[in-house]
Structure formats: structure tokens, C-alpha cells
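*Asks:* One letter stands for each residue in the lines below.
There are 2 protein chains.
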Amino acid sequence: MAVRKLRVHIESTRKKDRLFHVTRAHWDAACRRHPALARRLDVTLSWDGDALDAALPDVDVLIGVPAVRDNLKTRAPKLRWVHSPSAGVDGVLPLSWLPRGVVFTNNSGAHGVKAEQYMSMAYHLINTRMAAMIANQQRKRWESLFSPSIIGKTAVVIGLGDLGEAAARAAKKAGLKVIGVRRSAQKNCHADRVVSYKQLDRVLPQADFVAVAVPLTPETRGMIGKKQLDLLKPTAGVINIGRGPVVDNAALAAKLRRGQLGGAVLDVVDTEPLPANSPLWTTPNLILTPHVSCDDGEHYVDITLDLWFANLARFVTGKTLQHRINPKLGY
Amino acid sequence: MAVRKLRVHIESTRKKDRLFHVTRAHWDAACRRHPALARRLDVTLSWDGDALDAALPDVDVLIGVPAVRDNLKTRAPKLRWVHSPSAGVDGVLPLSWLPRGVVFTNNSGAHGVKAEQYMSMAYHLINTRMAAMIANQQRKRWESLFSPSIIGKTAVVIGLGDLGEAAARAAKKAGLKVIGVRRSAQKNCHADRVVSYKQLDRVLPQADFVAVAVPLTPETRGMIGKKQLDLLKPTAGVINIGRGPVVDNAALAAKLRRGQLGGAVLDVVDTEPLPANSPLWTTPNLILTPHVSCDDGEHYVDITLDLWFANLARFVTGKTLQHRINPKLGY
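Residue numbers (our numbering), protein chains in the order written: chain D, 1 to 331; chain R, 1 to 331.
Treat the hints as calculated values from the structure; they're not laboratory data. Do not take every clue at face value.
[What the hints assert, rightly or not] Derived lysine-lysine pairs resembling BS3-like cross-links, with alpha carbons at most 27 Å apart:
(1) K16/D to K140/R
(2) K172/R to K173/D
(3) K78/D to K319/D
The shape of chain D in the complex, shown without the other chains (with noise of 0.2 Å):
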């Protein structure tokens, strides 16, 4: 008996860097490494929606968020599961335009490695005052800047999902004490102590290295605002590898450029690509890095499938997915 096969059509856009676009290639590698799944899917792939409307009447699954959302109900009635291939879906929020009982997930968890080994440099960066190092680079000045040891320190973690276990296991490996901050204060083994986020205000003075790694959500938008800048040690680094408006950046280059913070590495910023004119550019202090901080270079969509081939072992076989995203959190 032929089994109706499962109709899954895949969105990428050109709008975003090569590595993020899904090819043929890539995906008949995927299900090499999946065959048996593989089996059981009918596939199409589609750029900027070329392929998009033609698809969606039979389409049970999504993979990619599509740029026009509206009337999915009616233009895919057999949809059940849309995967966004991003971790942060702040770009899509609110999910008015998500038909009823269809499920969307992110793709949590293909960016720890890669949040690790730049959150281990990262810390690093801060307390060796690596970025004075770099201005003195720039002006050919030969300064003998020290630095301590930075075993020991603290590192307070907001966030504990995918970015923020991973920033933990970093502190923690570089020898860390780590304070977790999230909204719930469940215990992690990553972080030495979990508080929630009502208590963020009060561990922030035991920092020595703030890092966020918070999605963007209403809840979370101005987190780290002037009034948590100002809790800080004179001393402490902020690292964003969350979402830029999570933090107060203004406020944040103003204690910077009045070196009342030791230090700052953004991989996110509000806007981006960062405006030319923005003050953050010229910042002491300041290191800035293009939000490439969690992306495989080489493997990204290769991980992106493998973890979306795990989720559809699930939906295969009736269990819940993993990594829904709570259309009232956001998140």
C-alpha cells in the first residue's frame, strides 16, 4: 500500500548571507545521513517565494518562515509545523499570521558550539583589556597593559537556553563562577546558582562579566537598561550575543566613553547592519563584531537539517516537538 508521502516545501531568501541558504546539496546530504525519514518525504525548495504559492495548497510542513504571511490558513490548509531555520524569531513576531494548531519551532540548539567558543574568547577579551591593546595597535604605542588572572571571576548569564548554556559552559571552563538569570530560576548544571529575572538587579553587582543571551521579546526589550549599567562594578564587561535591544546600548557607550565599565563586546547592536554614523562604532572600549558570534561558517545548514530530521522523527510519530516557540512568550 503507497503511504501518502509528507509534503515538505523549504523557503530560503537571497536577502540573507549564503550560508543560511539551503541548497539541493544540501539537502540530499541530509538525507543520506536520514535515510529512512528521507523516504517519506516529498520535497520542494523554493527562493523568495518563487516557488512558494504553488506549493503551499499541498504543503504539511514548512521549513522557512515565509516573507508573506498573511491568509496562510487558506493558501496552505494541510499546514501543520513551520520550522523557522533562525534561533531569534523576534523578526516575525507577533505570531497573529500562525494558522491555529499549527506549530512552529526554532531551530535552538545549532548555535551553542559556536556561542562557546566565542563567548571563551570573549571573556578573555574584556579582562585582558584587549581592546585598549587594539587602540594602542592603531596608535603604534607600546604600553605594558597587565592584566589578572581571570579565574574566579563572575559571570552573570541572562538567559539559559542554547546562547546562554553556552556562555555558562564557557565561563565555567575558563574557570568562572557563574551566576544564571531566567525566567524561571530553574537550576542548571552550567551555572553554579539560578535566579530569576525579578532578580536580576540584585546580582548584577557581583558581576564581573555580564552576558546576554536572551531572545527578544516584550519581556526582555531594555533588560539591561541604564538603571542595570549602573549596578555594575567599574570594572565589569557586557557581551551581547542575545538581540541588540535587550540592552540599552547608548547608555552603555556613555559609561563606556566616561570609563566607568571596564569593557563591552557586542555581537548585536539595534540596528543592523550598524549605520555608519552610530557612535558605537568609536566607542572605547568597545569591541564590535558583525552578529557572527553562533553561526557555523562551514556547517549551518547541514545542523539546521540534522536538528530538523531529529523534530521530524518526533512529528512522524505523534510526540511532541521540541523547540516550540509559545506564540504568548515569544519565545
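Mind docking chain R on chain D? Use the hints.
*Replies:* Frame of chain D, contents of chain R only:
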């Protein structure tokens, strides 16, 4: 019966950073940590030789190598042990000034903790193309420079002393494969494989990172010359935390300017401080730090004195001292 106390003289120089000055407060604190041994000592301290000649006739042990070293046999007839508070003793080679029978030890062991931290950062600086991102920040240019995971890449670590072991430990923690290169090819628990200096050229083509951590001796000067650099992959990075002249920095800079290497991180250079007219300051994909990678900015002297006391325990019981300099090898 009164036992004659051991006469120890500690010599510091104001020419070096304050970090390295042994003060009376440091000494007293060390004595409180080692009270039983401290009771057996009669200690003087001097600065740039101001009390040196008064002390020398009675001195058994010198901490610090005097700037004027001629005729030590006559000036310090009882001298039995000279301890260098540096690890690198290339500045006082050859050891013709050392009276026969006097043991000369270095400060090996004082630098491993910080060196490991620096190397943990340095591998990632190269892997994430941080130098290019720094240059982009200076130009206010947002360019998505993604990078692959570092896991599974290969570090060739040259030298497996205090610094080299630290470089190897940092590499293993980052998920790298480690090929150690040392005089003897003797195995080391932090390296997957160890080869001898003679086999250096055979392992260099495998390197994603070359970590230079050897002392400067006649044997190591120029060890990484143009020929060795030409054996590297065009994506490989060179990190030097040992001594500048071990690497042919002109050849290294030429390769970086031609885009024939992935990057370099140099904490040491040929002439320190680096002259303002050195082309190294502006070499692309080169990150310079001012010889600060391995010295604890807070507790250098404390660590040094603790290591010295550990060796003193051997000295007073007639055991062979650790970290003896071999006059023939110069390290």
C-alpha cells in the same frame, strides 16, 4: 644552638614594570605563607643594586640577576644559588658570569595559568578572523565574516615547557588536535603527539595554528623562518608567546601582507618596545599585544616567591633544585 641563617638577597630593578618589583610587603606576605622556612632566612632587598655590594660578601642565595655580573666569584664568595624571577633568561646569556658550582634557576611555572588564558583567546582570535573584524570596526564597515567551528583543527605547539604546556592545554580545551614539538620528542599528556625539533618541517603543513612557546637560545633563534612559514596552509595562524626572534617577523609580515596566511597574534617581537616605525604595527591580520600574555597582573611576585619557597625546601634538604638552567642549552 644557634643555626646560621641562610643569607638571601633580593634584587629588583625599577626599569621593569612595577608588577615585577619585589617589595618588603610581598616578602613579608610570602613569609607568612611559608613560616617554617622563613625563620631560617636572613633577607635584604635592594633596588638597582643600591644595597647589592654591601650584601654580596655574605650572600648564599640571590633572587634577581644583578645588572653588573662580573667577578661574582670574588664579590660573592659564598654564593650557591641564583634565581631568575623571569622564565626567559636569554637576556643574561651566555652564562659565563655564573661562578662554577653556583646553581641558576628560572621562574618556570609562574606563567602557565595566564599563558593558558591568553592562548584560549588567541586561537579564537585567529579562527574567528577577529583582526579583520577589528579593521572593519575602524572603517565603520559591517561585513558578515562568518567562521567555522574550531573543533577538530590542529595546533602545532612548539616547546612544551611551562608556556607550551599551557598552549597545549588551551588547545585541548578548545577541541583542537595538538602536535607538540620539542627537543626530545618526549611524550606529554597535553599533546596528542610529540615530535622532535628535527621533524618540525614535517608537521607544519598540518597546522591550523602554530603556537610558538620556546625560550630564545642559539638553537631556537629563527626557528620559524621563511622556509617554515612557506610550509603552512594559507589559512593557518601563527601565535608567539615565547620570544620574538624565534620567528622571522619580516617574513611573517610579508606573508600576511600578501594574504598568504590566515593571521597572527604576537605577544613578543624582535625589539621591545616595538619601535614606532616598525611595519608590524600596521600589518593586516596581525594582532599585537605588548609582552603581557603570561604574567599575572596582580600576583606575579606572590606566585614567584611561592615557587621560590618550594625550591628552597629542596635546597635546605640538599635535593636537586627544579628549573635549573642548563648553561650549554641556555634554558
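*Asks:* Now look at each hint and say whether the structure bears it out.
*Replies:* Cross-check of the supplied hints:
no. : hint             : in the structure
1   : K16/D to K140/R  : holds (21 Å)
2   : K172/R to K173/D : holds (12 Å)
3   : K78/D to K319/D  : holds (19 Å)
Comparing the model with each numbered hint stated earlier shows that all of them hold.
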